[in-house]
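Trainee: Chain by chain, the residues:
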Amino acid sequence: MAGDSADIVRLDGAEKHFGAVRALDGVDFHVGAGECVGLVGHNGAGKSTLMHMVAGTLVPDSGQIAVRGGIEHNYSVPRAQQLGIRCVFQELSLCPNLSVAENTRINHPALRGLGWRRKAADLIAAKLDEIFPDHSISASDIAGDLSIGRRQTVEVARAFTVTQDPLELVILDEPTSSLDAHTAGQLLAFVRRFVAAGGSCILISHVLGEVLQNADRIVVMRDGKVVAADAAKAFDRDRLVTTMGGAEAREKIAAEIAKREAGPLRVRARPARQEDGKQLVANAGEIIGLAGLAGHGQTDLLLAIFAAASRAKAGIEVTAPVALVAGDRQADGIFPQWSIAENIGIRSLARLRNGLLISPQREAELAEFWRGKIGIRTPDLNNNIFSLSGGNQQKTLFARALGSDAKIVLMDDPMRGVDIGTKLEVYDLVREEARNGRTFLWYTTETEELDNCDHIYVFKNGRIVANLRRDELTEEKIIQSSFGDAA
Amino acid sequence: MTAASVENGLRSSSTRRAAARARMLRSLLPALSLALVLMAIAWLNPRAISYFGFSLMLNLAIPIALATIAQMFVISGNELDLSIGTFVGFVGCVTATWLKDAPLLGVAVLAGSIGVYALLGALIHLRNLPSIVVTLGMSFVWQGLAILILPKPGGKAPDWLLSIMAFKPPLIPFPIIAALLIAAVVHFGLMRTSYGVILRGSGGNAAALERAGWSLLRTKIVLFALTGLFGVLSGMALIGITTSADANIGNGYTLLSIAGVILGGGEFVGGRVSPIGAVIGALTLALAASPLLTFMHIPPDWQVAANGAILIIVLAARVLISRRER
Amino acid sequence: MTSLRMLLTKPWIWSFLGALLVWLATIAFTGGYGGGGMITAALSLAVFTVIVGVGQMFVITLGPGNVDLSLPANIGLASAVAMKVMDGNDSMIAVGLLAALACGMAIGAANYLLIWALRIPPIIATLSASFIIQSIDISYGRGLQIKPPPGFADFANWQILGIPVLAMLTVLFTIGAAIALQRMIYGRSVLAIGQNIRAAWLAGVNVGRIRFFTYTLCGALGGIDGALLAGYFRGANVDIGNEYLLASIAVVVIGGTSVAGGKANVPGVWGAALFLVLLLTMLNTFGVSVGVRLVLTGLIIVGVITAAGGQKALR
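Residue numbers (our numbering), protein chains in the order written: chain Y, 12 to 498; chain Z, 14 to 339; chain V, 728 to 1042.
Note that these hints are calculated values from the structure, not bench results.
A quick note: this is a predicted structure, and the numbers were derived from the prediction, not measured.
A few of these clues could be false.
As the list claims (entries may be wrong) - Heads up, simulated DSBU-like pairs for lysine-lysine below, C-alpha to C-alpha not over 35 Å straight-line:
(1) 488/Y to 236/Y
(2) 384/Y to 811/V
(3) 434/Y to 418/Y
(4) 384/Y to 874/V
Produce the entire structure from the sequences given, and follow the hints as far as they go.
Mentor: This is the structure:
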């Protein structure tokens, strides 16, 4: 099997754990010469982890990787580059202070000596001309001055430039996410030409049409596993959606939400980029879902609502105190030097005071109450927050918000990388708190979580595009409106 | 869809043009401030705009420009050197003593001090240390060493150094030629060579650089060694002008050099620096500090304040430019 | 035994151990002579470093890039202001102290105004502010030969049973600062901002107000310090605050406060200040020259930060 030299790259039984989270669970994956492989799956399905392994930026915990039939024992980024494997990552990796030509130089050690500037400029200009004929980018433009879309075209073009190392396989991770339709079409046409000329490509995209039309073979991932891999012709849009979502395996969360009287208004908000009259409305006691693909303006709206709670803001009305549960725990939520109790108490300091001083006893009581209520598993709440598993850290953030005086709780995709047991416990608690009159605005990338919501707003490109009641909710409907490329 | 894409294209090209315009305005700011200071001097005292006037007024500009360039190298790697002033003083003391009396020892000591800078770069990278604190500590060390070498003001510059600094070329005063030369050499080295790109990239997006296989340890060592090298040049130039040394002679250079880099359009983070701008910034400070104030009959007490005020005005102008362009 | 082990985990204990070691080395050298006097002298001098060190500690705790470089200029100007307002007159002592305090607070507030309005890093803001303050001081304090009122000078040098009264008051003040840091909303907020400014904002901390208050506080402490220094040394001069830039940062670092922000430590400031002052005394006793003293001080700071570095591993 490993001797099949028609494969550019082959992974067998690749596994990867991040702490308690199993990101990849024994994946077999291969790309043949002259083949374009489409890779699809929801956020957190393991696509990016898999691609980092192919590019050499992550080493699998177990399993092996072979390039052109030869097993690689010390696979790394420089080795991957030598072997002709390039990657355009989702996060932009241009230096904003350098020109387009200088950014090209960074990926090509061979561009040096006299006249390197000319050579680098010609190299990138020629490739830009080839892929995006009407690009209007100059090699002397400073990367930081370019719009995000143009930066993306530069990065794609840079990945296809060749000096001394060969070019065998290019991984394109959401290459069209910041491109307009015209430019995206140019890129995909180039990919087809590249593949027809014998090159290989891995195409990751949320726009299913792109994958269906341009890939030779499609691999579907879910929960760290490959769940389907077949010729592209064997798939149609519906089959992809069902395979990705796994609707057949899901048990619907008990539909216990009874009809309620709508309480008083808590939040009324219109996204900054909304052009029509659609707006988000949340009343007391409601759980409102914010759906759609990741990064389409849901978090921005939550942050705008959060900011509007302390300082008046046009287009947003907030009538009660707000707390936020962060999804990106490290960046937005956790105070790494502090104990679990201190991490819970920070949002409620004013209430924990005894005179001028914060009462350690009240702080401990608050933490103790929520340890019981939300089930934070720890022998001692005075331990550092990092003594907890990821799921329990997330529960701590929930306890911080729910233990506060906030009547409105914003949740920014808070279940990222959290185990299913924790999720179910938190779902119950959220519904219970809503019955007691709290309002929840819940952004989630996991469609099944929307079953907990009374009302769902679907976002696309920073705008609300659909507004569904719970009884109208189907996964297909959300995916249709958030991809929107069928329309 | 096409209409949207056309609109998108228009919007992005116009924002790009605006960004480029803002950047150009910002890069003109240093030259503009220098021109303003020069004009003020010409208006207040027309005789100053002459060969001898410039030789006199720009006397101390060369060491300031060199120290500013030294500071610029660490800043392009997102670090800061708070010890450059006392280091210039240390170099001055070595120059006025050992370099004259025992040239071999002097050269070895100066080369060794550049090596110390390289080591500091490695230490800061490997242990992930804040450069402010490390260089603050080093400023004690350099000052102490300077006092050990030259407990009392004195010493004498080597004759060859004196004759270099006293050079009187025809037509254009020496300080101007020297400033042009420094700006040209450093601009070529940092902005034009292929490794200069890597050095600046390490300040712009270190992660991307590492992903492309470059050693961040090496870039940091190189940047700190270059700071050491230009610090040495600055100290030597200073002694060539003042002819004798004093352990405290360079103390003001730490603040001057940082101010020069910022005045010259450099930014604290992100690898955005400009060698030409830095030299212009140093010249502006050198002129604004004493000659201009003397001509304006402002007591020398306010020299330092003038530097601070210029810095604040330029930063405010920068904020205004970027705010209007947004 | 366990309490001893507990004690050893405290980051501030090392600075006190260092101070003790230096003291023992010195009295071993003098054969036990002058040990008590040395402590008295060390306490009187350490006070001035502790006061500004606490201010600098709160600023540094706000997170990477936060530091107040205007302290020396601030101390210089405030000492001149205090002396001029007091004008050698005992009845004006309180007014003079208030004037110095107001002067320092104004400088701190101006620092934050620059940071906020020009969106520039605190280092540059406080640096350019210090340029201007320095000039104001030079111009304002020119030829200023005013002695402090005798009552104030006596107060600054007053000792009870060999313990400087100023040191006792400063101990009280630092206890207050430690309580503010750990038990008050203000301190908690500073620690939260220093660990993660974005998370602090999202957890409801009023980031702008806390930063403003912190810079103003640091400025105020610099102002008070200036007045007290002028009283202690019986006169103000422009260079009176010069050594406190390095000293204020050094005591924060040596005392176990994290330069990465979010972790602060008040007792350590005392330990480190005593350590630095005693080190100076020791080197003087040994007859070491100024040069060696400076080199050793610098190497110790670099050594301590190197040993304490690598804090990112904690995350």
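Trainee: Which numbered conditions among the earlier hints are violated in the structure presented, ordered from lowest to highest?
Mentor: 2 and 4
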